[in-house]
Each structure stands twice: as structure tokens, then as C-alpha cells.
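**Q** Each chain, written out:
Number of protein chains: 2
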Amino acid sequence: MRRILLVIAYDGTNYVGWQKQQNGLSVEEVMNKTISKFLNEEIEVIGASRTDSGVHAYGNVAVFDTESKIPADKFSFALNERLPEDIRVQQSMEVEANFHPRKCDCIKTYCYRILNRRHMIPTERFYSTFVYSPLDVEKMRAASTYIVGEHDFKSFCSAGSQAKSTVRTIYNLDIDKDGDMITIVIRGNGFLYNMVRIIVGTLIKVGLGVYPPEHVEEIVAAKDRGMAGQTVAAQGLTLVGIEYLE
Amino acid sequence: MRRILLVIAYDGTNYVGWQKQQNGLSVEEVMNKTISKFLNEEIEVIGASRTDSGVHAYGNVAVFDTESKIPADKFSFALNERLPEDIRVQQSMEVEANFHPRKCDCIKTYCYRILNRRHMIPTERFYSTFVYSPLDVEKMRAASTYIVGEHDFKSFCSAGSQAKSTVRTIYNLDIDKDGDMITIVIRGNGFLYNMVRIIVGTLIKVGLGVYPPEHVEEIVAAKDRGMAGQTVAAQGLTLVGIEYLE
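Taken in sequence, the protein lines are chains G and U.
First residue of the first sequence? That's 1 in the working numbering, and the numbers climb one at a time after it.
First residue of the second sequence? That's 1 in the working numbering, and the numbers climb one at a time after it.
In case anyone wonders, no lab produced these hints; they're calculated from the structure.
These numbers were taken from a predicted model, which means no experiment stands behind them.
All the given hints hold, so there is nothing to weed out.
Label-pair ranges, simulated between beta-carbon atoms: (1) G:118 x U:40: 25 to 33 angstroms; (2) U:169 x G:183: 31 to 39 angstroms; (3) G:40 x U:210: 39 to 47 angstroms; (4) U:100 x G:136: 39 to 47 angstroms; (5) G:178 x U:44: 36 to 44 angstroms; (6) G:215 x U:23: 51 to 59 angstroms.
Where is the CB? At the ideal position from N, CA and C, for every residue including glycine.
Build out the structure end to end from the sequences listed, making use of the hints.
**A** Okay, here's the thing in C-alpha cells:
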């Protein structure tokens, strides 16, 4: 028995998210069916990140166990021939039999894209959120300094989270502007339910001038979801990648 | 009677192209129906560029005549409330009654995106073409110098073109590489049928090393479609904008 790790990219537009659900098709379900059929074995993948409906990935991670003798690096090409076009395995390799993608220490990187202009660009509608009023990126950068570091992120966690602790460490939060597109890249040792989307919603309020950058320090300290900005739309969010430590 | 000009962006994925067709829904048809219903007048737009099925636009141009007294700049917002999400008017303004978007001198800018990597990224599948083998961008840049300038582009024109002359001027052809994404921006006073897609197909052959950059000079001189590269896929192409002169 070998454990195979897959790095998986997907367009989340047509899925209910990573995790299997009653109400529609999930990426996990497509992976299970495709690999099971290919190997003629009953395969259940274990995913690293349960991305929400509409959220995209360049590099989510999943593992599965198989009796197959196929060289590990061949799985990416073999599965891509059988997967729908909106899911593509980027890499495949063998890992230790006890490697668990949710139980090993890792750093996750997310990216959130905001289109800040007078009118939406249709080709960006599934891959960014649209903000009409001009955002002050310098203020958003100033606010981001209160997010970086180890904090209790309870203010940035939606109800329904099962996390035991709400303390997380954010290593980097970079805000880049290229024309009308603002890209926020955030890297941390873990993220609470909707945490990236609530951080972005809060930074947007700062960018609009609703409150000053310094107020974000108070929002963090309050440990109160009601203080932070709204949860921005899923389609702007992409799980860029997961780095495993050891 | 006033003539209103619209700058229109669209995601071409779900359309048969700009122009009305028997075999499916066109952007032109959606524009005609939406404006006619909004104004309660029979409106027929005149489009500047008849983009093909799957080709996108940030700034195609169309005009229509109306008896309406609505301020010209309000049309963009009013129509965007009524158009499907994959079409968005970027700008609206009044122009001279005799302004014809296909009969006035203009400069058009197109952009073509090539994803050059080991596996496709699903979120890019409708907005780029995928090339697995590594492309030599320096060689592609060297080849592009033979395209820039006034030339007879007969070698780069698909059968079925109705153009009287095949002489066109390309002002700029810039090739940019950002990570795995190669973006080709081409600006000229007019383009023959499939001309951008055949130029890109030719540059890809140079990038793959099929022939040296200098060979593109011979391809231009030959005035023979059979000499040039293949017509690359529509989805990588975007009409960026049209600048009207004078």
C-alpha cells in the first residue's frame, strides 16, 4: 500500500466546494470517482483544505492510498486525461504512509483579488470581487500591519467554526495594485472559517475610509466578529498553495 | 435623433461571437434586444469589430441611434442593470450622427495569452491557450520584429476574408512573460481575418524552435497562408480597445 499526494488546481465556480455535500457536486467527489474508476479500487482522498463553494485553488493538496504500481509522478498526467477541464492535478508524488495533509504543520497562502473600477470586467467576474468606490491602498497596507503576527483572530472567524483555538500566525500580508486590480496575498500557519474573506472585508472598509487603519488593532483586540468587516464574496479567493514543514 | 457610442467588454465564452448568427447567441443580438427593450425603440447597433466565438473584449465599440433624451453617459449604468453579467458597458457617450465605427480610421489593440507550463491552470482555461513545451520568449521577440511595420499580411489571413487589400500596419508587438503566462500585445491599424491568431501561431513555432526567428521574414514575403503557423485557439484572444483617430 502506498500513499500518493496530489497537488490539485481547480476553478471553484461550478462546485459546492472541496468537501462532499448533499446539495451539489464537490471537487472531493469528482476526485474520488475519477481515481477510483482509473485504478479500479475504492479510493477516498483526504484533502488538506475544505475550500468553500466558488473558491478556487492553484494548489490544494490531497492524499490517497492505493495498491497500484503506477509510478507516483505519472498520476498527474493520467488523471488529467480523465478529469473535467476545471480540475487539474499539478503534481503527484509518493509520501510516507502516515502523512496526513490536515494534521501536519504547514503554511498556507491565499490570494484575494479586488477589481476596483467604474464597471466590472466580465472575464473577471468569477475570479475577483468588484468594488466601485476608489480604495486607498496605502491605508489598507497600514491596516494590514495589525493583522500580521500571532493573534487571537476570533473577530475574523464566522460562526460555525469548529476550531478549538482561534490563535493563528500570519507571516505576510502583501497588497499589490496593478491597474484596477488589487491583489492581497496572505500567508499563515492556519486560517479560521472565512478568516481571509473577513480580513479582506475589513481592509476594504479601511480602504473606503469607513474607519482609520489604526482601528484594525482594536478590532483584533475585541475578539468580536461583530466588529470586523463583512465576509467578502467567495469568487475572489484562491488557495495558492500549501507548504508542509517537518 | 442622437448617435450613442458604447465601449463594451464581454466574456466571449458563451457567445458565437459579436455578429448575429443562426447557430447561437451573439453579443450583438443581446445588445440589440437589451437596448430595444430599455428604450422601447427598435435598436440595431453597429459594431466596430466582429470578434469570433470565444474571443473576449475589454473595449469593443458599437453605436446606435435613438430618440431618447437620456443623458449619454447614463446609458452604461442603465444597460448594465439589464445586461447579463458576461457583458458590461464600460463607457457611453454621444458622437456625431455620421460616425461609423468600421469606416473611421482607428488603431486596434489585441492581447493574446499563452500559459506555458507543465499543466493547465483551470481558472485560465477560457482566457489563455495552453502550451506544454517551453517557449523561448527571446526568439519570439526577435521574430516579432519582422511583423512590426507596414506589410502585406496575406500569409496571416484565413480563407473567407472579404478584405480588398491585405496590407496592414502593425505599430507595436510586445511580448511579456510573468511567471508561466506569456502575454502578446499587438497594436495596428487593422487586422485581417484571424490575423492575430495566425501571427501568434507563427510566433509559437519560433518559440518552440521549429524554425528560426529570421524565417518569419520569408513567411511575410511569401504571401502564402500555408507558410505561417496554425490559427491558435480563440479563447486566448481579447480585443483590448479601439482608438479612433482625429
